[in-house]
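Kindly generate the complete structure, drawing on both the sequences and the hints.
Take 642 as the starting number for the sequence shown in our numbering and just add one per residue.
If you are wondering where the hints come from, they were derived from the structure by calculation, not from laboratory data.
None of the values given here were measured: they were computed from a predicted structure.
Beta carbons: idealized from backbone N, C-alpha and C, even for Gly.
Fair warning: there could be bad hints in the mix.
What follows is a set of in silico ranges between Cβ atoms, one per label pair, in the way DEER data are often shown [stated by the list, open to error]:
(1) 859 with 787: 49 to 55 Å
(2) 908 with 754: 33 to 39 Å
(3) 753 with 781: 37 to 43 Å
(4) 950 with 708: 41 to 47 Å
(5) 826 with 867: 39 to 45 Å
(6) 950 with 863: 37 to 43 Å
(7) 787 with 868: 48 to 54 Å
(8) 892 with 727: 30 to 36 Å
(9) 671 with 829: 24 to 30 Å
(10) 856 with 934: 46 to 52 Å
(11) 776 with 678: 38 to 44 Å
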Amino acid sequence: MSNPLHTVQQSSSDVRTTRASVDPVVSGILYAAGAFLMWGLAPLFFRALRPATALEILSHRVVWSLLLMVILVAALRDVPRALSSLRSVGLYAVTTALVTTNWLLFIWAVNTDHIVQTSLGYYINPLVNVVLGMLFLGEWLNRNQTISVALAALGVISLLVNLGELPWVSLTLATTFGFYAVIRKKAAIDPLVGLLIETAMLTPLALSYLLWLWGAGTATFSLQAPGMATLLVVSGIITALPLIFFNLGAQRLKLSTVGLMQYLSPTLQLAIGVMVFGEEFTGAHGVAFGLIWVALAIYSTDAFLMHRARR
642 MSNPLHTVQQ
652 SSSDVRTTRA
662 SVDPVVSGIL
672 YAAGAFLMWG
682 LAPLFFRALR
692 PATALEILSH
702 RVVWSLLLMV
712 ILVAALRDVP
722 RALSSLRSVG
732 LYAVTTALVT
742 TNWLLFIWAV
752 NTDHIVQTSL
762 GYYINPLVNV
772 VLGMLFLGEW
782 LNRNQTISVA
792 LAALGVISLL
802 VNLGELPWVS
812 LTLATTFGFY
822 AVIRKKAAID
832 PLVGLLIETA
842 MLTPLALSYL
852 LWLWGAGTAT
862 FSLQAPGMAT
872 LLVVSGIITA
882 LPLIFFNLGA
892 QRLKLSTVGL
902 MQYLSPTLQL
912 AIGVMVFGEE
922 FTGAHGVAFG
932 LIWVALAIYS
942 TDAFLMHRAR
952 R
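See the structure below:
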């Protein structure tokens, strides 16, 4: 006759073995894909928040993100240590200003039919990171990286010449997020604690603005419109969850794999802008995107080969 206790213990051991046998690469790909899919589909979500203004959406995004991060970041003891000096506070003030500009411009662009420009900005961003790494982190460019940056610059210049206007939305998104990433890397800022502090710094301004809207009777957040109110609350999850998934994926995957997967987001944004919302995609856009795609192909191949050589 079998021992029930032994059976339960064996069953528990089997479950632990099954869980332990999950390939970290598979889970990493799932986490990273989840992050990039959420970022890529974000235009659909933020477009659904109209007629709320970009500033009102940003304010809700900040407030609800802060509440979620307080719940998720269990090690709150790290926060006082992260703010232990005036230099640290200053760095967080700068990163907060950069990410606020990036978030606000992205929301505004999505709701004013500039999704193609947001896509272009996030295609350019990896190459901007390469240049900023050279300027501020001493990461010198090799020949292939130099060619990539030159081709991307040529793509932007072609848009300027053919359309007669600077793609300022794309360049601002790429440079603000690029500087944000460089400062965070140089200062070794923890991703989750950093986001918690940044949203905490913004929350007094965001709450003040929302209270002013409610006092003026122009707020879109209302119990009479529960659907819109729910979406505005969910904006906090849309902000924090992809970042968490990204960091979980990056811990499990090669850098080259994450680098290649990140182009899923701007590709989805481009498809949504052109195919869903009918934004214009001219021959000039085709030339510019073509040059940037070639640049990214050269850069990604070079990064993959360098990573494999180091391995």
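Just to be sure I understand the hint, the distance between the Cβ atoms of residue 753 and residue 781 should be within 37 to 43 Å; is that true here? 39 Å, holds
**Message:** For the hint 41 to 47 Å, verify it against the beta carbon of residue 950 and that of residue 708.
**Reply:** Given range 41 to 47 Å: holds, Cβ gap about 45 Å.
(Q) Please check whether residue 671 and residue 829 have a Cβ separation lying inside 24 to 30 Å. (A) Since residue 671 and residue 829 have Cβ atoms about 27 Å apart, the given range 24 to 30 Å holds.
_Beta-carbon spacing of residue 787 to residue 868 - inside the hinted bounds 48 to 54 Å or not_ = Roughly 51 Å apart at Cβ, these two residues keep to the hinted range, so it holds.
33 to 39 Å was suggested as the range; check whether the CB atoms of residue 908 and residue 754 agree with it. 19 Å, violated
*Given the hint of 46 to 52 Å, check if residue 856 and residue 934 actually sit that far apart at their C-beta atoms.*
Roughly 49 Å apart at Cβ, these two residues keep to the hinted range, so it holds.
- Task: Confirm or reject the claim that residue 776 and residue 678 have a C-beta distance inside 38 to 44 Å.
- Result: Since residue 776 and residue 678 have Cβ atoms about 32 Å apart, the given range 38 to 44 Å is violated.
task: Could you say whether the range 37 to 43 Å given as a hint is met by the Cβ separation of residue 950 and residue 863?
output: With Cβ atoms ~58 Å apart, the hint is violated.
Legend entry - Hint check for residue 867 and residue 826 - Cβ pair distance inside 39 to 45 Å: At 41 Å between Cβs, range holds.
Are residue 859 and residue 787 spaced within 49 to 55 Å by their CB atoms? Since residue 859 and residue 787 have Cβ atoms about 51 Å apart, the given range 49 to 55 Å holds.
* residue 727 and residue 892 - C-beta distance against the hinted 30 to 36 Å -> 31 Å, holds
Of the numbered hints stated above, those contradicted by the structure are hints 2, 6, 11, listed in ascending order.
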